[in-house]
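Protein chains in written order, with my numbering: chain A, 5 to 119; chain B, 12 to 124.
If you are wondering where the hints come from, they were derived from the structure by calculation, not from laboratory data.
Among these hints, one or two may not hold up.
[As the list claims (entries may be wrong)] These stretches of chain B come out as covered by chain A in the derived footprint (C-beta under 8 Å, 3 or more residues):
| id | segment |
| --- | --- |
| 1 | 24-33 |
| 2 | 51-59 |
| 3 | 78-91 |
[To be verified] One-sided excerpt, in silico: chain A residues whose CB lies under 10 Å from chain B:
| id | residue |
| --- | --- |
| 4 | P22 |
| 5 | G45 |
| 6 | L48 |
| 7 | L50 |
| 8 | I60 |
| 9 | V64 |
| 10 | Q108 |
| 11 | F110 |
[To be verified] Computed beta-carbon distance windows for the label pairs:
| id | chain 1 | residue 1 | chain 2 | residue 2 | range |
| --- | --- | --- | --- | --- | --- |
| 12 | B | D66 | A | D75 | 28 to 36 Å |
| 13 | B | N108 | A | A43 | 42 to 50 Å |
| 14 | B | D109 | A | T7 | 19 to 27 Å |
| 15 | B | K27 | A | T119 | 41 to 49 Å |
| 16 | A | P12 | B | N108 | 31 to 39 Å |
| 17 | B | S91 | A | R105 | 34 to 42 Å |
| 18 | A | Q17 | B | S85 | 36 to 44 Å |
We put the CB at the ideal spot given by N, CA and C, even for glycine.
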Amino acid sequence: SQTIHQWPATLVQPVGSPLSLECTVEGTSNPNLYWYRQAAGRGLQLLFYSVGIGQISSEVPQNLSASRPQDRQFILSSKKLLLSDSGFYLCAWSSLTGFLRYEQYFGPGTRLTVT
Amino acid sequence: AQKITQTQPGMFVQEKEAVTLDCTYDTSDPSYGLFWYKQPSSGEMIFLIYQGSYDQQNATEGRYSLNFQKARKSANLVISASQLGDSAMYFCAMSSNDYKLSFGAGTTVTVRA
Numbered sequence: 005s006q007t008i009h010q011w012p013a014t015l016v017q018p019v020g021s022p023l024s025l026e027c028t029v030e031g032t033s034n035p036n037l038y039w040y041r042q043a044a045g046r047g048l049q050l051l052f053y054s055v056g057i058g059q060i061s062s063e064v065p066q067n068l069s070a071s072r073p074q075d076r077q078f079i080l081s082s083k084k085l086l087l088s089d090s091g092f093y094l095c096a097w098s099s100l101t102g103f104l105r106y107e108q109y110f111g112p113g114t115r116l117t118v119t
Numbered sequence: 012a013q014k015i016t017q018t019q020p021g022m023f024v025q026e027k028e029a030v031t032l033d034c035t036y037d038t039s040d041p042s043y044g045l046f047w048y049k050q051p052s053s054g055e056m057i058f059l060i061y062q063g064s065y066d067q068q069n070a071t072e073g074r075y076s077l078n079f080q081k082a083r084k085s086a087n088l089v090i091s092a093s094q095l096g097d098s099a100m101y102f103c104a105m106s107s108n109d110y111k112l113s114f115g116a117g118t119t120v121t122v123r124a
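Chain B extracted, bound-state conformation:
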């Protein structure tokens, strides 16, 4: 069984600073994918970034980067130069040999001006 753990229920970050959101996972599958999603107050889930378990380099998408440490089973999301619009809930998720995603409990990020 897969399990995603996000231990930070809420975080505050100053505008223009970077923030790291923690995510650890547990799986016995040798191949898997890791995802991060953003959920603003409107409720829609927005796909941010993907990391494959066999990818040699950490994924980056604009201001988002994924710090993938396979041996530690962690896939932390780094948001650089935070903006007020980054205030939202962020979910880490994982897929393996099927079509499903397992989601963590989420971390709420509040960006302060």
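Chain A with its partners taken away, still in its complex shape:
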């Protein structure tokens, strides 16, 4: 069966510090990978998605970046955090399971507080 891991679970970082969040998937190959951000009590905002190694699509211009160094590894980074980067970050994976059926499966999330 497939599992998805995210770490760390919680993170408190000062403004201006760098960020690195990691996501790994087990039990599947060549998954589509996604990074979302969720503000408290709000919906999900897609930040990046990747359909293969080294292929990153950005949905929202911001001071974040993403990389996919290996097939099942997805990393979210920032060189200098802003207060507005605080939120709940979710990683997800998907594969085609039917006609247009790319249901996504999510990791446990990272709660980031920028102080």
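Take the given structure of chain A and dock chain B to it, following the hints.
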């Protein structure tokens, strides 16, 4: 562009009763998929149910059923026999000709004993 609308920010339901969560969508794509996810207080998003735009029958998964009305562009989730563990935020989402999902704003469900 796709848009998902969930107009109910919060709902209360008595244990063992059914609850319907509304979802309407807007898309110009002829083919699309509709999804519902549950997000408990722990934060993890849990996939519940899927409905394809060409599916003739409404999807069901255990106590979850999706009331799909294509002409009205609605995809309401029905949870039957509510349990305390159903208390969570529920998101409707849609995909079309790409790998992405568009999510609604969510509906918070609180089940009362």
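Structure-based check of each hint:
1. For the segment 24-33 of chain B, the assignment as covered by chain A is violated, since 0 residues bring a beta-carbon within under 8 Å of that chain's beta-carbons and 3 are needed.
2. Here's how the segment 51-59 of chain B fares: 6 of its residues keep a CB closer than 8 Å to some CB of chain A, so the rule of at least three is met and the hint holds.
3. Residues of the segment 78-91 of chain B lying with their CB closer than 8 Å to a CB of chain A number 0, which falls below the three-residue condition for coverage.
4. For the restraint placing P22 of chain A at the interface with chain B, the shortest Cβ-Cβ distance is roughly 24 Å, beyond the 10 Å limit, so the hint is violated.
5. Evaluation of the G45 of chain A hint against chain B yields a held restraint, the C-beta minimum of about 8 Å falling below 10 Å.
6. The beta carbon of L48 of chain A is positioned within 10 Å of a beta carbon in chain B (closest approach about 5 Å), and the interface hint is therefore held.
7. At about 6 Å, the closest approach between the beta carbon of L50 of chain A and any beta carbon in chain B falls short of 10 Å, and the interface hint on this residue holds.
8. Because the closest C-beta pair between I60 of chain A and chain B is about 13 Å apart, greater than 10 Å, the hint is violated.
9. Of the supplied interface hints, the one on V64 of chain A is violated, with its beta-carbon coming no nearer than about 12 Å to a beta-carbon of chain B, more than 10 Å.
10. The beta carbon of Q108 of chain A is positioned within 10 Å of a beta carbon in chain B (closest approach about 6 Å), and the interface hint is therefore held.
11. Interface restraint check for F110 of chain A: the shortest CB-CB distance to chain B comes to about 4 Å, inside 10 Å, so the restraint holds.
12. Taking 28 to 36 Å as the suggested C-beta distance range, the pair D66 of chain B and D75 of chain A conforms, at roughly 32 Å.
13. Look at N108 of chain B against A43 of chain A: about 28 Å separates their beta carbons, and that is not inside 42 to 50 Å.
14. Between D109 of chain B and T7 of chain A the Cβ separation comes to about 25 Å, which falls inside the hinted range of 19 to 27 Å.
15. Taking 41 to 49 Å as the suggested C-beta distance range, the pair K27 of chain B and T119 of chain A conforms, at roughly 44 Å.
16. For P12 of chain A and N108 of chain B, the hinted distance range of 31 to 39 Å is satisfied, since their beta carbons lie about 36 Å from each other.
17. Distance hint for S91 of chain B and R105 of chain A: a CB-CB separation of about 24 Å, inconsistent with the stated range 34 to 42 Å.
18. For Q17 of chain A and S85 of chain B, the Cβ-Cβ distance of about 42 Å falls inside the hinted range of 36 to 44 Å, so the restraint holds.
Violated hints for the displayed structure, listed by number in ascending order: 1, 3, 4, 8, 9, 13 and 17.
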